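Chain by chain, the residues run as shown.
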Amino acid sequence: MESINGIMIAIVLFGIGIFALIIRRDLVIKLLALGLIDSSSVLFLVSLNAEGDGIAPILYGPLAANYVDPLPQALVISAIVINFSLLALALVFVMLLVERYHTTDSVRIAHEVEKERQS
Amino acid sequence: MKHTAIVIFAILLVSGFCMLLFLTSGYHGARGSADNPYLAAGAAETGAVNLVTGIYLNYRLYDSLFELLVFSIAVLGVRFYLNADESQKPSVVRIAESPVVRIAADLLFGPIVMIGLYLIVFGHLSPGGGFSGGAVGGTGLLLCAAALGAEVVARRFHEQIIEQIEWGILLVILLFAIVPVLFGYTPLSDLLPPGRLGTLLSGGTIPIYNVLIGIKVFIGTWVVIYSFIHHRGEI
Amino acid sequence: MIIVLLPLGHFLLGVLSLLWQRGARRLFPFALLADASLIGTLWVRVAGGTSASIVLGGWGRDLGIELSADRIGLAFSTLALILAIAVTAYLWKERLRPYFYVLLHFLLASVFALVFARDLFNIYVIIELLTLVSFLLVGYERKAQQIWASLNYLILAALGMAMYLFGVGIIYYHTGTLNLTLLAERIIGMHDQMWLITASTLLVVGVSIKAGVFVFSLWLPAAHASASPAVSALLSGLVIKMGVVVLLRLSTVLDISLPLIVMGGLTGVVGAVYAMFTYELKRLLAFSTLSQIGYLLIGIGIGTPLAIAGSISYAVAHGLFKGLLFLAAGQVVHTTGSAFIPQQVARREKIPRATRIALLVGTLAIAGLPPLAGFCAKGLLSAATHSLAIHLLLVFVSLGTVISFSKLVPLLDPWRGGSDEGAKTISYGILALSIIAFLPLSFLFDGRIQVLSSLSLLHAGESIAIIAAGLLAHHVLRRHYTRLPQRIFRLEEAILTILSMFFVTFLLLAFF
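Just so you know, the protein sequences line up as chains A, B and C, in that order.
Position one of the first sequence corresponds to residue 103 (the numbering used here), numbered consecutively onward.
Position one of the second sequence corresponds to residue 43 (the numbering used here), numbered consecutively onward.
Position one of the third sequence corresponds to residue 32 (the numbering used here), numbered consecutively onward.
Since the hints were made in silico from the structure, they are not lab data.
Please note: incorrect hints may appear among the correct ones.
[To be verified] Output of the computed footprint for chain B on chain A, the stretches with three or more beta carbons under 8 angstroms from beta carbons of chain B: (1) 118–131; (2) 195–202; (3) 208–214.
Just so it is clear, the structure is predicted and the values come from calculations on it, not from any experiment.
By construction, the Cβ of each residue, glycine as well, lies at the ideal position given by its N, Cα and C atoms.
Kindly generate the complete structure, drawing on both the sequences and the hints.
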C-alpha cells in the first residue's frame, strides 16, 4: 500500500457520497451527495492514469518527457459538463417540489405524493 | 429501530464496496506513456499543442457534440420549468447592500471576463478550452449581476435574442460537423490544415470550435443562473 | 456515412425545430420519412453482407470513435421508427408545445446513436443524454407525482453512471482502449483477473439501473405509470430496450452470462408476481414491462445466436405491443376517468371501439397467441433454451403474464363502444399491423438463423396451453387477491438493494 493517492481519496469520497445519499433525508443534501459522487468518479478516472511526476500533455518540447495520458482528461471534460447539467436540472425539480410541499424532507414528500396517488 | 438498522446496513455495505474497489482495482503505479497512440502523433495530426483539446475536439468530436447537446437541453429544461409561471413572481430584485461587494464586483468583472476569453481563444495552446472559458465568463457575468442587479444585466441580454443566438451557434457547430460529409470527407474530419504548431492560427478547425463552444457555454451558464435568480426573486 | 447521419440528422432537426417553432409539428413527419429511407438503405446494405462500420474522422480504431450497423442495431432503429410514427399520430391533434417535439427529436437522436455505438465512453455520454431526455419527458406535464418519480429516476441513473465510469476507468487503465472490438482482443487471456471482474460488475450494475433489471430499477413502475401515455409508450417500448442493447454489447466482450441469467430470472418472476397483484392499469403495464425484460436478459445470458435472435425479436415485439397497450390505456383512463381497473370495468361503455380492439390485439400479443408477434419471439427463446430449469422459468413468467392480463378481459369486448378520433385509430392501426405482420416480416430480416425451422407446432401448442391455464388460474384465484406491499420503492432502500446486488453479482462472477 503506497502513500495516499488520488485513487484512495476517490473511493473514500464515493463511499461518503453514497452514504450521505442513503442516510440524509434532506433533498438538497442528497443532491450535494450526488455532486460528491460525480466528482469522485472524475477524480478516479484522472488519477488512475496519472503519474506522480508527470506533466501536462501540452507538447511544447520533444516527446521524451513523461507526459500524462491525455485521453482520460478529455473524457473527464465531457463527464464534468454532463454531471453539471444533470445536477442543475435535479436542483430545478427539487425547487419545484419544495415550493409545492413546503418541506425539503424526502420522506414526507414521498408520503404526500403517495397519498395523492391513492385518492 | 428501523432507522438504526438502515444505518448499520448502509455502513457495512458502503465500506465493503469501498474495500472491494480498492483491493481489486489492480493499481500498480501509473501506466507509462510509451505506447499511447495519442502522444505519438497527436500534435502533428491535429495541430493543437494542447493534446487534451486536440482529443476532444478532433478525435472524439462526436462525444463533444452530444455533450453540448446535454448541456443545451439542460439549459432548455431549466428555462422551461422555472420561467413558465411568469405571472406569479413579482421580481423583487435587491442589489447587494454592501458597498464592498459592489465595488469589488465592478473591479473584478472586467478581468474575469477577459480571462474567460483568453481561456477560450488560446484553448488549443494552453490549458483551457471552450467549456472552462465559457463557464468562467458566465460566472463573471454573475458577479456583474451581483454588482449592478440582475434585472439590469438581463435587460441588456434580451431573453429571446439570447435563446436564438445560443441555438443558432449550436446549429453552426453541427453544420460544421455534418456538411463535410456531403462533400465526401469522412464524417467529422478536419477541414482546415493543422498549421504551424504553437501559433494562434494552428489546430485546424479547433480554435473555431473552441470559440463557438465558449460563447455557447457562456450564454448557457448565464441563462441558468439568471433563471434561478428570477425564479427566487432576489439575489 | 449514413450511420452518422441518423443521430446527427435528428440532432440538427431538433435544433431547427427550436429555432423555427411554428413549423416544429409539421416538420416531424418529414423527418420520420427521411429516417425510413435511411434505415431502409442500411438494411439493404447489411442484409447484402457488406458491413457498415465507420470510424469517425477517418482515424484508426484505437484513436477515434467507431460506429457500426448490424442487424441488431437496425432492428431497434426500425422499432424506434414505428413507435415514433405511432406516437406522432396519437398526439397529432393535441396542443403540444414545440418543446415536446424538440425533445422527441433528441430522444430519437440518442436512440439511433446508442444502437450503433461501439465505444465505452460514447455509450456513457449517450446514456446520460437518454436519461436527461426521458427525465424531461416524464416530467413534462409538471404534476407532482411525475416530478417526484423523475427525480428518483435521475438520482439513481446518475449513481449508476458514476459506477459505470469507475468501471471504464479500470478497464482503460489495464487495457488502454475504450473500443469494444479492440477490448475483446486485448482481454483474451485474462478472464479471471480480479480487476476485470470488478470492472465488469461495475459496468453491468451501472447499466442495469437503466435497463429495467428488477433489483436495480425500482424507479421504473413509478416513472412509467405516472408519465403521460405517449411518453410511457416510448419509455417502455424504446428507452428500456436501450439498456438491454448495451448489456448485449457488453456481453459480447465480457463474460457476464451467469449474472444476466440470474438477474433475468429474478426480474421476470418478481415482475410477474407484482403484475398479478396490481389493480391499477398503468402500473400493471409497467410491472409487466419489468417482467418481460427478464425474458430478454435470460436470452442474452444464454448467448447462443438463436437465443440472442430470440431476445432481440422479443425486444422489438415487446416494444410494439407494449407501446400499443400504453397508448390504448391512455385512452381508457381518459374516457373512463379512473386509473383503477375495477372502476374502468364498471364504466366500460365509455371506451371507444378502436381502443378496445387495440387492447385486444395488445393483450393477445403479450399473452403469446400464435401467430402474433409475441408467440414468434417466445417460441424462438424456448427453442434456444436447453436446460429444463430455465424453460420452466420462462413458462412461469408467461403464465404470470397471462394471469395479470386476464384482469383486462371484461374490457376487451370489441363489438361495443363508440368511435374514436381518427388520428388515434391510425396510430393503433400502425402498431397492430406491425404486430400481426411480425411473423412474415421476420423471414425478410432473417440472418443465418432459420426462423421457420425453430418454431414448430409444439411451441404453438405450448403457447395456447399457457393461455388457457392462465385464464383458468385467474378465474380460480380471483377471490384471493390481496395487495402486495409496495413500500420497497423508497430511494434509500433502492440504493441499499443496489449495493447488495452489486456484491451478489461480484460473487457470481468471481466464483463461476
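Here is what the structure says about each hint:
1. 118–131: holds (count 4)
2. 195–202: Satisfied; 3 residues make the cut.
3. 208–214: violated (count 0)
Hint 3 from the list above is the single one not met by this structure.
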